[in-house]
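Asks: As they're listed, the protein sequences go chains A and B.
Counting from 1, one number per residue, gives the positions in the first sequence under full-length UniProt numbering.
Counting from 1, one number per residue, gives the positions in the second sequence under full-length UniProt numbering.
Treat the hints as calculated values from the structure; they're not laboratory data.
Even glycine gets a Cβ: it sits at the ideal position worked out from N, Cα and C.
Take the hints with a grain of salt, since some may be wrong.
[Said to hold, decoys possible] Result set (BS3-like, lysine-lysine): computed pairs, CA atoms no more than 30 angstroms apart in a straight line:
hint, chain 1, residue 1, chain 2, residue 2
1, A, K22, B, K265
2, B, K265, A, K156
3, A, K170, B, K265
4, A, K156, A, K125
[As the list claims (entries may be wrong)] Here are some chain A residues the structure puts well away from chain B; computed CB gaps all over 12 angstroms:
hint, residue
5, E87
6, A95
7, G101
8, H103
9, K191
10, L256
11, E298
Listed below, chain by chain, are the residues.
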Amino acid sequence: MTTSTSAPVTAPSKHAVAARTKGLRKEYGSTVAVDRVDLELPEGAVLGMLGPNGSGKTTTIRMLLGLVRPTQGEIELLGRRLPDGAEQVLPHVGALVEGPGFHPFLSGRENLVRCAAFEPLLPKKQIKQAVEDAIERVGLAQAAHRRYRGYSLGMKQRLGLAAALLVPRKLVVLDEPTNGLDPAGTREIRKIIADLHAAGSTVLVSSHLLSEVEATCTHVAVLHRGTVVAQGELTELLQAGGSALQVITPDVEKALSALRQAKISARPLGDGLRVELAGTSAPQVIETLVHGGAQVYEATRWKTGLEELFARLTEAEEAERGMSAVDTLDGGRR
Amino acid sequence: MITRQFGSEVRWMLRRPRTLIGLFGLILVPIIISFGIWTAGDDGGGGPGLAAIIEGNGMVVPIFTLFLSLNLLLPLVASIWAADGLAGEAQHGTLRGLLVAPVSRVRLLFVKLFGLTAMSLLAVTLMAVVGIIAGTAFLGSDGMATLSGTTLSTGEGLLRIGLFILLVTFQMVSIGAVALAVSSATEHPLVVQAATMVTIIVFQVLGQFSSLDWLHPFLITTGFPGLIDVMRDPIPLGQIGDSTLLAGCYLLIGTGLAAIRLVTKDS
Chain A
1 MTTSTSAPVT APSKHAVAAR TKGLRKEYGS TVAVDRVDLE LPEGAVLGML
51 GPNGSGKTTT IRMLLGLVRP TQGEIELLGR RLPDGAEQVL PHVGALVEGP
101 GFHPFLSGRE NLVRCAAFEP LLPKKQIKQA VEDAIERVGL AQAAHRRYRG
151 YSLGMKQRLG LAAALLVPRK LVVLDEPTNG LDPAGTREIR KIIADLHAAG
201 STVLVSSHLL SEVEATCTHV AVLHRGTVVA QGELTELLQA GGSALQVITP
251 DVEKALSALR QAKISARPLG DGLRVELAGT SAPQVIETLV HGGAQVYEAT
301 RWKTGLEELF ARLTEAEEAE RGMSAVDTLD GGRR
Chain B
1 MITRQFGSEV RWMLRRPRTL IGLFGLILVP IIISFGIWTA GDDGGGGPGL
51 AAIIEGNGMV VPIFTLFLSL NLLLPLVASI WAADGLAGEA QHGTLRGLLV
101 APVSRVRLLF VKLFGLTAMS LLAVTLMAVV GIIAGTAFLG SDGMATLSGT
151 TLSTGEGLLR IGLFILLVTF QMVSIGAVAL AVSSATEHPL VVQAATMVTI
201 IVFQVLGQFS SLDWLHPFLI TTGFPGLIDV MRDPIPLGQI GDSTLLAGCY
251 LLIGTGLAAI RLVTKDS
């Protein structure tokens, strides 16, 4: 699986999907916010939606929740087409979109009670308990009686999360959930996401913090300039990007010529070389090196971090303008 | 479910500090009026219309208060509630939360309209009740004198006040419905209030020009003076009917526009 070819990378899953979009496009006046977004969110997955600021993450999420009407394209959420099925499926969806929104003159608890009053799945008698549970869950018990006006950014974020978790959800959508949180708060959010995952809920997290996504997600979708440039299982994507072997050897010249004869591409790097594993395998490479008379001290699988993958996906075509998928799309729009 | 949402809406409006301050301000109006007439009593007071019969006739105070307030104060209050209802919620990001809950957009409009109606009724009733009490306390009461020169029994006077409360509330809600339409199209509550007040004032100014006679039947403000017919005996229904019908048109148009805007709105 390569990631900078003409088509966005997709690793279709065999499982049921919690949400799926097809050819999603949204124009605001003459600006195109997102275009040709084909997103697939497998049931039970934790999908990290990555992208630089302004890449269309929030717009996509808002369309997915029926808040914004797409200019073009289809949305399927929990098996129903939007916007028609919104009333059936949205009760099962908890969302924190574009930062928490609450009334400043009400306390955190009162704000949640107001949210709860509009939750179709919450019987009136259970509202009180559900609110207390949600407050407890996000660690806001100390501040629940205080007015929202005086909340810190982290407390506001927690309250937003509490509102999303008022009812057991099939799908939880969190837009930049760790914004403004301290490291402890970030860990707690990770734990909440892990708990949701363990309980079988599907989670969609958008973030521009890569470590965040790497730590919590099973799947990744990378957005750039309003379109999906890569998506799939995190491990697969990382492997796809990292099929290389780092070899430590003092005999760089010998090694290179041996590899060249065997038609394996490699280049010097640090105290050794980096060997591309495309069309070959690690044992084969090492055999070639040893036969070529190069001393091999160490050979390690090159691990691409998400950061490297992300950088390649979102920066590569800036260098080679006009070549990449996204630029071609851009060109087509104008 | 919908009653729970209605309840939550009214509770939310009542929890707002500015609502409470506003209601407090509104009940000061009949008190000030009663006090003013009481202190001016010796000068003979009077004048045409209501002011002439109000002296020594506390039961007229609530009618007089509402009649005066309808020109500016009550539309302002209605516009504030309409502004907070949609534009204010959008500004705080809480509208998104409601829509994702989900509340269907049409239902959301009805919840807002209900809140507006309930609060308007509360405000108008409060003013009337305080008006009766203050009027009776300052000016005394012996039945209710009408503009036709007759005097109604206290019970019948209360009925007239009740009728006037309903008529004024309906005018207020109609103005609020148009304000809701503006509210659905912006994120700035102040825009809604300004637009509503400017409209009301411009309508009243336009109502002054006889060269614009053809326009007057379409201005909601033209209907306000006719409501005072509840103080005649027997009540002539012509003007009251016209005013109410006109307000009903505003209510329908306002609600319709708000619904169209809300349904297609990106939030």
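Asks: For every hint, state whether the structure bears it out.
Replies: Consistency of the hints with the structure:
no. : hint            : result
1   : K22/A x K265/B  : holds (22 angstroms)
2   : K265/B x K156/A : holds (26 angstroms)
3   : K170/A x K265/B : holds (26 angstroms)
4   : K156/A x K125/A : holds (26 angstroms)
5   : E87             : violated (6 angstroms)
6   : A95             : violated (5 angstroms)
7   : G101            : violated (2 angstroms)
8   : H103            : violated (6 angstroms)
9   : K191            : holds (24 angstroms)
10  : L256            : holds (57 angstroms)
11  : E298            : holds (53 angstroms)
In the structure shown, a violation is registered for the earlier hints numbered 5, 6, 7 and 8, in ascending order.
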